[in-house]
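S.K.: Given chain A, work out where chain B should sit, using these hints.
Sequence lines, in order, name chains A and B.
Each residue of the first sequence is one higher than the one before, starting from 1 at the first, in the working numbering.
Each residue of the second sequence is one higher than the one before, starting from 1001 at the first, in the working numbering.
Any given hint might turn out to be false.
Unchecked claim - Straight-line C-alpha distance at most 16 angstroms; calculated EDC-like pairs for lysine to aspartate or glutamate: (1) B:K1055 <-> B:D1038; (2) B:K1003 <-> A:E43; (3) B:K1003 <-> B:E1101; (4) A:K98 <-> B:E1030; (5) B:K1053 <-> B:E1072; (6) B:K1018 <-> B:E1079; (7) B:K1070 <-> B:E1030; (8) B:K1071 <-> B:D1038; (9) A:K42 <-> A:D82; (10) B:K1071 <-> B:D1051; (11) A:K2 <-> B:D1059; (12) B:K1018 <-> B:E1062; (13) B:K1070 <-> B:D1026; (14) B:K1071 <-> B:E1030; (15) B:K1071 <-> B:E1022; (16) A:K106 <-> A:E3; (17) A:K106 <-> A:D82; (18) B:K1003 <-> B:E1072; (19) A:K98 <-> B:E1056; (20) A:K98 <-> A:E3; (21) B:K1003 <-> B:D1028; (22) A:K45 <-> B:E1101; (23) B:K1071 <-> B:D1026; (24) A:K106 <-> B:D1038; (25) A:K98 <-> B:E1101; (26) B:K1070 <-> B:E1022; (27) A:K98 <-> B:E1079; (28) A:K98 <-> B:D1059; (29) A:K42 <-> B:D1038; (30) B:K1013 <-> B:E1079.
Said to hold, decoys possible - Listing some non-contacts, in silico: residues in chain A with all C-beta distances to chain B over 12 angstroms: (31) N12; (32) P14; (33) E15; (34) A20; (35) S28; (36) S32; (37) G54; (38) F60; (39) T61; (40) Q63.
Hints are computed from structural coordinates only; laboratory data are not their basis.
Where a beta carbon is used, it is the ideal one built from N, C-alpha and C, also for glycine.
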Amino acid sequence: RKEVEQDPGPFNVPEGATVAFNCTYSNSASQSFFWYRQDCRKEPKLLMSVYSSGNEDGRFTAQLNRASQYISLLIRDSKLSDSATYLCVVNGAGGSEKLVFGKGTKLTVNP
Amino acid sequence: DVKVTQSSRYLVKRTGEKVFLECVQDMDHENMFWYRQDPGLGLRLIYFSYDVKMKEKGDIPEGYSVSREKKERFSLILESASTNQTSMYLCASSLLGAVNEQFFGPGTRLTVL
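Excised from the complex, chain A in its bound form (with noise of 0.2 angstroms):
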């Protein structure tokens, strides 16, 4: 099993449309849980921090189900700039100051 797995997409969706991405980990002992953004030809950011409460930052809501070891990304109400790669990324084990990079889901959104 890969550690970090993600559906490639490509996503294609309307704006307006809600949209969910899906990850899942290998290693059960990881205790940090992010979601990046990555536009064509630029630089990974943060999106999102993902915590065990699950949270939201306006259109976007991140759960953790660490029973399952599975996280997801739901985006409502997608606008064109919501347009790019969202990487799911999780710690190693054992508090591991590297992170492990899932490949990415392209969404991209029509008008």
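M.R.: Chain B alone, transformed into the frame defined by chain A:
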């Protein structure tokens, strides 16, 4: 604003050349990282450093070395470039602590001919 800069956006080198990629961060971060990103493979960690003169191998260190003589600067060295090292190289930095955000530089697109 955190700023991570990389010495070149695009670089073309020949097989066998020694290549230096430089990364500088201005936020006094302890951790610095070098990744390469390839289509279909995602981001893969080459090396990281958590302090001056300290380094740890990442997932794919073969063919690479690093140098961290000053806290703000982390260099990636390709001792003898090969065509399979053609890639996008990304540098990142973060504060010490696993929950901290990594800030990335704009990347260097290296082509080895």
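S.K.: Can you list which hints this structure breaks, lowest number first?
M.R.: Going through the list in order, the structure violates hints 1, 8, 16, 27 and 36 and respects the others.
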